[in-house]
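> With the hints as constraints, model all of the structure from the sequences given.
Residue numbers (our numbering), protein chains in the order written: chain A, 1 to 288; chain B, 1 to 134.
It is worth saying that the hints were derived from the structure and are not from the lab.
The structure presented is a predicted model; accordingly, all values stated were derived computationally and were not measured.
Backbone N, C-alpha and C fix where the C-beta goes; we use that ideal spot for every residue, glycine too.
Check the hints yourself; a few may be wrong.
Unchecked claim - For each label pair, taking beta carbons as the anchor points, the in silico distance ranges come out as: (1) B:Leu102 <-> A:Tyr201: 41 to 47 Å; (2) A:Gly154 <-> B:Arg93: 41 to 47 Å; (3) A:Glu147 <-> B:Lys103: 21 to 27 Å; (4) A:Asn247 <-> B:Leu105: 28 to 34 Å; (5) B:Arg93 <-> A:Asp62: 31 to 37 Å; (6) A:Leu98 <-> B:Val88: 49 to 55 Å; (7) B:Asp71 <-> A:Leu98: 47 to 53 Å; (8) A:Val27 <-> B:Glu109: 23 to 29 Å.
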Amino acid sequence: MATLRDIKRKIGSINSTQTITRTMKMVSASKLRRAQEDLEKVKDYALKIEELTGRVIQNMPDDTHPLLAAREEIKKVLVVAIASDRGLCGAFNLNIGLHTENFIRENKALYERIGIYTFGRKVNDYLQRRKYDVVKSFVDVKKVDKEIVDIIAGHIIQFYTSGEFDKIYLVYTCFRSPIKQEIVFEEFIPIRRTEESEEDYIDYICEPERSKIVESLIPKYVSTKIYYALVESQTCEHAARMSAMENATSNCGEMVRFLTLVYNKRRQEGITNEMMDIVGGAEALRGT
Amino acid sequence: MLDLEIITPEKVLVKEQVDIVEAKGAYGEFGILPGHTQFLTTVEVGEIRYMKDGATNYIATSGGYAEVVDDKVTILLDEAELAEEIDVEKAKREMEEAEKALKALAFDEIQYKLMEMALFKAIMKIEVASKRHL
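Laid out in structure tokens, this is it:
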């Protein structure tokens, strides 16, 4: 049975935990704000590049660029799972892990091989522990910048063009609002062209030739997309951590309230007992 | 009038109605006036000019893509700076560094091309900055 002192100690420890979670929440909030700014900056560019690429590659024959050509037989697919290095952010990493896992479980029969490319320590650990085919992983990323993006884009393009994989999916968390994040699971490579292309096909005058533009635009599209996904994911991480820490803080408060109640009751009980002892003692003395 | 939008990964640099846009494309300089046909081009390292109410504005860029559809000009650039915002001191430093690096490198190294590009960008920036409105 917990003594008074034990309870008091516990309250103290919960209080200091609360201080930590509250600080972490505040740190995440300010990081989130910064990440949101970054996201806003890159969003326009990423969307425009995507639109432009979509328009330009319409009606382009498959052989213009290796990343446009869809393979007839799809045997090996790669899932690029993007999450984060650090935990304490609720189900953020777990969701990506679970999503990837579900996809593998559902499609295991369809494909010969399902490889995974992980970004972030947590999701990497999760999938490796479950013995999935992690082809490559990126952990301990300090800052998302152009270099990292170029390396990843290089890997992905290499994976596809070398024939190691026939289709590449991207799974990451998309930021809607600080309290709402969505998991996005999309086909990435081969780059899909819209079907009803006849009407909105634009017959550009191109300098240099259209095929040349496509050639240079596609790598740009790939790296922009990855960069965008990474920034989105980072923003979500901070948002997720912020709400996780907020929950933790309020849970701590609740626990302290409960424990204080127990502590007071126990103390009262002790006092009552002592008084009864004294009264009992006095009664006994009077009897003699 | 043309709807001009110049976007970089950093920010939306320009979004306004302008009279004319000029830049350097794959086959040399091009100018866009209202009523231009659908046009798609790469944008090379250099300057972009656009005129609005008789005043010309200059932008230094490291390259990207330009698209013209129905009097809407969308220019997507890797890096770009308005002439007014260029840090000339920094550009000069970049230029010196690139020059120094170029001297140390052999002509056929991959790095050489990159540094040459960096030097060119820095020179372009300084040149564009000199045209700013004071």
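> Taking the hints in turn, state whether each one holds.
Okay, the hints, checked on the actual structure:
1. B:Leu102 <-> A:Tyr201: 41 to 47 Å: Taking Cβ atoms as reference, Leu102 of chain B and Tyr201 of chain A lie about 45 Å apart, which means the hint holds.
2. A:Gly154 <-> B:Arg93: 41 to 47 Å: violated (30 Å)
3. A:Glu147 <-> B:Lys103: 21 to 27 Å: Holds, at about 25 Å.
4. A:Asn247 <-> B:Leu105: 28 to 34 Å: violated (56 Å)
5. B:Arg93 <-> A:Asp62: 31 to 37 Å: Hint violated: Cβ distance 47 Å, outside 31 to 37 Å.
6. A:Leu98 <-> B:Val88: 49 to 55 Å: Holds: the Cβ-Cβ distance is about 53 Å, inside 49 to 55 Å.
7. B:Asp71 <-> A:Leu98: 47 to 53 Å: For Asp71 of chain B and Leu98 of chain A the Cβ distance comes to about 48 Å; the hint holds.
8. A:Val27 <-> B:Glu109: 23 to 29 Å: 44 Å Cβ-Cβ, so the 23 to 29 Å window is violated.
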